[in-house]
Amino acid sequence: MSADHTADVQKEVRLYIAVFAAVAILTLANVAASYMTSRAIPGVTIAMMIAAVNAVLVARYFMHLPSEGRIIRMVLGITALFFVVLMLLIVFAMANEQGAPLQVPPPVQESGHHVS
Amino acid sequence: MSSAAIRYIDSVRPDTGLYNGKLGVWLFLASEAMLFGALFSTYALLRVGAPAGTWPVGASVLSVPLATVNTMFLISSTVTMLLAWAACKTRDRAKFKLYLGLTVLLGAVFLAVKLFEYNLKFHHHLYPSTNTFLGLYFTMTGLHGLHVFGGIVVNAYLWGPGSKMWDTAPDQFTNRIETAGLYWHFVDLVWIFLFPVLYLT
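Quick note, the sequences are listed as chains S and V, same order.
In this text, residue positions in the first sequence follow the numbering used here: the first is 1, and each later residue adds one.
In this text, residue positions in the second sequence follow the numbering used here: the first is 1, and each later residue adds one.
Be careful, since some hints might not be right.
[Unchecked claim] Below, computed lysine-lysine pairings styled on DSSO-like, alpha-carbon distance capped at 27 Å:
no., chain 1, residue 1, chain 2, residue 2
1, S, K11, V, K97
2, S, K11, V, K89
3, S, K11, V, K95
4, V, K164, V, K97
5, V, K89, V, K164
6, V, K164, V, K95
7, V, K114, V, K97
[To be verified] Here are the in silico distance ranges between beta carbons for each label pair:
no., chain 1, residue 1, chain 2, residue 2, range
8, V, R47, S, P66, 29 to 35 Å
9, S, H64, V, D92, 17 to 23 Å
10, S, V56, V, A94, 32 to 38 Å
11, S, V56, V, G17, 22 to 28 Å
Source of the hints: derived by calculation from the structure; they are not laboratory data.
Glycine residues also receive a C-beta, built at the ideal position from the N, C-alpha and C atoms.
Required output: the full structure, derived from the provided sequences and hints.
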């Protein structure tokens with residue numbers, strides 16, 4: 001094993017530890033932010049933004065996503081598309097119900113008439 | 001190589017640009033993302049649809065300090081997993097054993113704290129059937145916990161009997177650690193979203 005290879009791995013290790021520190025600090029920042037209420041920006045938005053930054057750090061530096069091949073990026077792209085569709089279901093449901101809780105239809109008798 | 005041997009387990013397959021195990025684990029992770037995605041979508045739908053003022057703030061029902069410490073355990077285990085992989089690449093067996101052992105230990109501590117949390121909830125008569133929030137809390141963290149348990153089993157195998165491959169097929173073994181690591185990082189990634197969704201908002 002060459003000295004260059006070992007040095008490269010040690011460089012990677014330093015990067016992993018730096019990213020770990022960043023993720024840990026952001027997690028603590030997320031907890032701190034949850035105790036501060038703001039009318040301008042809802043807590044959910046702040047929490048999700050910090051979580052998204054953490055997720056990008058993990059995917060980029062721990063899972064080495066940018067260096068993966070085209071096939072993996074394609075698979076994950078399709079997954080992301082379906083994930084967005086799943087999340088859009090909420091928008092569709094809200095648009096359909098106009099904010100009202102979902103209504104459960106009344107049970108149907110054998111004769112086919114609704115029970116009043 | 002015999003004709004029955006599986007090829008591209010330690011070398012890159014030309015058409016995919018990956019060894020087979022890595023492609024397999026990424027496809028598995030894509031399906032896992034959809035599994036958890038469906039649960040997050042369900043959570044959002046039920047939360048948005050709940051009558052105003054009825055959805056509890058996570059911190060009022062759950063212990064944020066305990067979950068914060070637990071999050072640190074899981075994040076730390078992600079780094080020790082990477083350090084175990086790095087030790088494989090530099091052929092340092094002692095460090096590999098140390099870091100993968102720590103990964104297993106931190107994962108086990110995470111699960112133990114989770115079980116302690118569940119026990120606290122049951123002690124206060126808070127069950128999955130108590131309300132929609134708790135139903136989702138137990139379902140989502142329970143499924144995540146099962147994934148952590150699965151990861152611990154795989155990592156413990158690679159630390160113990162599976163590490164015989166260190167001498168016989170070192171490249172293949174390093175690849176196994178990498179793919180096990182990808183799964184473990186995914187488990188961490190899911191928790192990165194579960195923690196704020198359930199505890200902080």
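Verification of the hints:
1. With a C-alpha separation of about 21 Å, the suggested pair K11/S and K97/V falls inside the 27 Å cut-off, and the hint holds.
2. Proximity of K11/S to K89/V is assessed by CA-CA distance (about 13 Å); at most 27 Å being required, the pair is judged to hold.
3. Proposed proximity of K11/S and K95/V is supported: the alpha carbons are some 16 Å apart, at most 27 Å.
4. Between K164/V and K97/V the alpha-carbon distance is near 12 Å, which keeps this suggested pair within the 27 Å criterion.
5. Proposed proximity of K89/V and K164/V is supported: the alpha carbons are some 16 Å apart, at most 27 Å.
6. Restraint check: the Cα-Cα separation between K164/V and K95/V comes to about 16 Å, which is no more than 27 Å; the hinted pair holds.
7. Distance restraint check for K114/V and K97/V: the Cα-Cα separation of roughly 26 Å lies within the 27 Å cut-off, and the hinted pair is therefore satisfied.
8. The hint said 29 to 35 Å for the Cβ distance between R47/V and P66/S, and at roughly 33 Å that hint holds.
9. Distance hint check for H64/S and D92/V: the Cβ-Cβ separation is about 21 Å, which falls inside the suggested range of 17 to 23 Å.
10. The hinted window of 32 to 38 Å between V56/S and A94/V holds, with their beta carbons roughly 34 Å apart.
11. For the hinted restraint 22 to 28 Å between V56/S and G17/V, the CB-CB distance of approximately 23 Å keeps it satisfied.
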